[in-house]
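Trainee: Line by line, the protein sequences are chains H and L. Mapping to our numbering: the first sequence position 229 is 229, numbers consecutive. Mapping to our numbering: the second sequence position 263 is 1263, numbers consecutive.
It is worth saying that the hints were derived from the structure and are not from the lab. Glycine included, C-beta positions come from ideal geometry on N, C-alpha and C. You may find that some hints are simply not true.
As the list claims (entries may be wrong) - Now the stretches of chain H that chain L is said to cover, found in silico as 3 or more residues with beta-carbon under 8 angstroms:
# : stretch
1 : 109-115
2 : 124-134
3 : 247-260
Claimed, not checked - Per label pair, the in silico range of CB-to-CB distance:
# : chain 1 : residue 1 : chain 2 : residue 2 : range
4 : H       : Ser187    : L       : Asp1233   : 47 to 57 angstroms
5 : H       : Pro73     : L       : Phe1041   : 32 to 42 angstroms
6 : H       : Pro213    : L       : Leu1008   : 19 to 29 angstroms
7 : H       : Val55     : L       : Tyr1165   : 49 to 59 angstroms
8 : H       : Asp199    : L       : Trp1183   : 54 to 64 angstroms
Below, each chain spelled out in residue letters.
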Amino acid sequence: MGSRGWVAWAFMAPVLLVMALIVFYPMAIGVFQTFTNIDNLNQGTRFRPPSWEFVGLQNYIDILTGKDTKFYPVLAWTVVWTVVNVFFHYTLGLLLALTLNQRFRGRTSYRMLLLLPWAVPAYITAIAWLFIFNGEYGLLNNVLGAFGMPRVAWLSTFPWYYIMPIIVNVWLGIPFMMVALLGGLQSIPGDLYEAAQMDGASRTQSFWNITLPQLRSVSSTVILLGCIWTFNIFVVIYFITGGGPGGKTDILVTYTYNGFTLGQYAIAATYGVIIFSLLLVFSAVYRRVARES
Amino acid sequence: MKMSRRHLALTHVILIIFAIWSVFPVFWTLVTSFKPESQIFSTQIKVIDQPTLQNYIDLLTRGDFVQWAINSLFVSLVTTVFAVFLAATCAYAISRFRFRGRSASLYLFLVAQMFPAVILLIPLFSIFTNLKLIDTPWALVLSYATFAIPFCILMLKGFFDTIPYELEEAGRVDGLGPFGTFWRIVIPLSVPGLAVTAFFAFITAWNEFLFARSFLTSEEAFTLPVGMATFIDPFNQPWGLLTAGSVLITIPVMIFFFVAQRFLISGMTTGGVKG
Chain H
1 MGSRGWVAWA FMAPVLLVMA LIVFYPMAIG VFQTFTNIDN LNQGTRFRPP
51 SWEFVGLQNY IDILTGKDTK FYPVLAWTVV WTVVNVFFHY TLGLLLALTL
101 NQRFRGRTSY RMLLLLPWAV PAYITAIAWL FIFNGEYGLL NNVLGAFGMP
151 RVAWLSTFPW YYIMPIIVNV WLGIPFMMVA LLGGLQSIPG DLYEAAQMDG
201 ASRTQSFWNI TLPQLRSVSS TVILLGCIWT FNIFVVIYFI TGGGPGGKTD
251 ILVTYTYNGF TLGQYAIAAT YGVIIFSLLL VFSAVYRRVA RES
Chain L
1001 MKMSRRHLAL THVILIIFAI WSVFPVFWTL VTSFKPESQI FSTQIKVIDQ
1051 PTLQNYIDLL TRGDFVQWAI NSLFVSLVTT VFAVFLAATC AYAISRFRFR
1101 GRSASLYLFL VAQMFPAVIL LIPLFSIFTN LKLIDTPWAL VLSYATFAIP
1151 FCILMLKGFF DTIPYELEEA GRVDGLGPFG TFWRIVIPLS VPGLAVTAFF
1201 AFITAWNEFL FARSFLTSEE AFTLPVGMAT FIDPFNQPWG LLTAGSVLIT
1251 IPVMIFFFVA QRFLISGMTT GGVKG
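Isolated chain H, as found in the complex (with noise of 0.2 angstroms):
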């Protein structure tokens, strides 16, 4: 039907259209605001013409050069922050799809509970964590005061502000990956297994030799989307610290928002044109990589 191309793009003209107005033009609005020094002040009012000015490459070159001392540090915890959650995600996801990957009772009972975290809203996941890990009356610290153990302030005290926010949205993550994972085992040819089996492997050999070479595919794939979202994700670091204490654990979209909720439009659109770069950067080199291996 290739022919035919004028008919497959009136199909797709009202979305393009639409799509050109809500996200190309802001867009395009949002990269000319970063080679300005636009903010709520000089923004322009009712009462009062605008007085921003045209700065050139100032906001970028002040963002990588490090002479804005935020970018960095925040970046480097967004990077630990999305490492270290896709690895749980990762792991714990495929040692799940595993175990779930077997002929036994209860199976889809199982699948039911652990899928659980995926049907809830995420702010409602964090508030359901905050209250738990509340320093006064939460659960956690209820439990360790039975058992004569000192109370711990967990929002507010090294190392434990990093690892709470890590250990609610593992708890998120999990089971997309879990459920995508069980996917990819599930149309691994049985016959590969019975092969290896008949040729003497153990359990374990078939894991390295079968098991993950077949996952290969959906691994990459699910591995890419859950950088990206973990990159992404907004709600658990503000609800659960609200970046604090001081900013610390503030990853690079949460860091952006609050730029822009002090009015800093500008710079604020300029971190959001850096993260979508390095997300794009990002996508493209892991893409050809995971392609050539």
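Mind docking chain L on chain H? Use the hints.
Mentor: Chain L in isolation, oriented as in the chain H frame:
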């Protein structure tokens, strides 16, 4: 492979540990929502002692919770209708036609769906301020469409891919043009797919926090996520209201999720991932 007794025991141990871990925060929220204040703000560990509905009564009769629910419902419904309606034709084109720009468009929707909302936040805020849409539900409908449309396209493409070509050929023999074929044959066959996609679009809008937090300023205009966030005050946290609200917000989402989860998983992994 037949499992040995030891292997089976290990399987159950792993699954029980993780099942408890998965269910626990939800269970604890549910239990807390039925506790009187005196027990919530206590350092004793009690599962439940004197259950009460007081938290739910307070939530529904005092404050704006009901208004927030109405706002959330409105925004999510309008977003869903808007997104599914627009996405359907586009998804059909991508599923059926091989045209120049097809894979580029597909990649574009994939990227648009994955990249952070915070990038669009600032420019959309400027635009909505100029259009005087701040603090109205329309700001949310338009900003939710930015991720709901790409999501719906990818899901629906997956469904359209499963409809056999022959049915459309038959329509063409009967003299239907491409638009007639789409409207008379493909759409009626895709009702289940459209419904599932619509529900998921609805839920993403229902759960969205960042845009709602940024574009709404007055309490009467809040949606549920923003309203719930206002309860989290460092000095006075009404955990009874928070947990009761969490339960009421989650129940409908959860019921739907378990009915439709199989479709989401196949939609995400096949429609979204493969070209």
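Trainee: Given a hint of 47 to 57 angstroms, does the C-beta separation of Ser187/H and Asp1233/L actually sit inside it?
Mentor: holds, 49 angstroms
Trainee: In terms of beta carbon proximity below 8 angstroms, does the stretch 247-260 of chain H have 3 or more residues touching chain L?
Mentor: Our answer is that it holds, as 4 residues pass the Cβ test (under 8 angstroms) against chain L, meeting three.
Trainee: If I claimed the Cβ atoms of Pro213/H and Leu1008/L lie 19 to 29 angstroms apart, would that claim hold in this structure?
Mentor: holds, 27 angstroms
Trainee: Per the coverage rule (Cβ-Cβ under 8 angstroms, at least three residues), is the stretch 109-115 of chain H covered by chain L?
Mentor: holds (count 5)
Trainee: Does the Cβ pair Pro73/H, Phe1041/L satisfy 32 to 42 angstroms?
Mentor: Taking Cβ atoms as reference, Pro73/H and Phe1041/L lie about 37 angstroms apart, which means the hint holds.
Trainee: Between Asp199/H and Trp1183/L, does the beta-carbon spacing fit 54 to 64 angstroms?
Mentor: holds, 57 angstroms
Trainee: Quick check: the stretch 124-134 of chain H, covered by chain L? Criterion 3+ residues, Cβ under 8 angstroms.
Mentor: With 9 residues in contact (Cβ-Cβ under 8 angstroms with chain L), the coverage given for the stretch 124-134 of chain H holds.
Trainee: Between Val55/H and Tyr1165/L, does the beta-carbon spacing fit 49 to 59 angstroms?
Mentor: holds, 56 angstroms
In this structure, none of the earlier numbered hints is contradicted; all agree with it.
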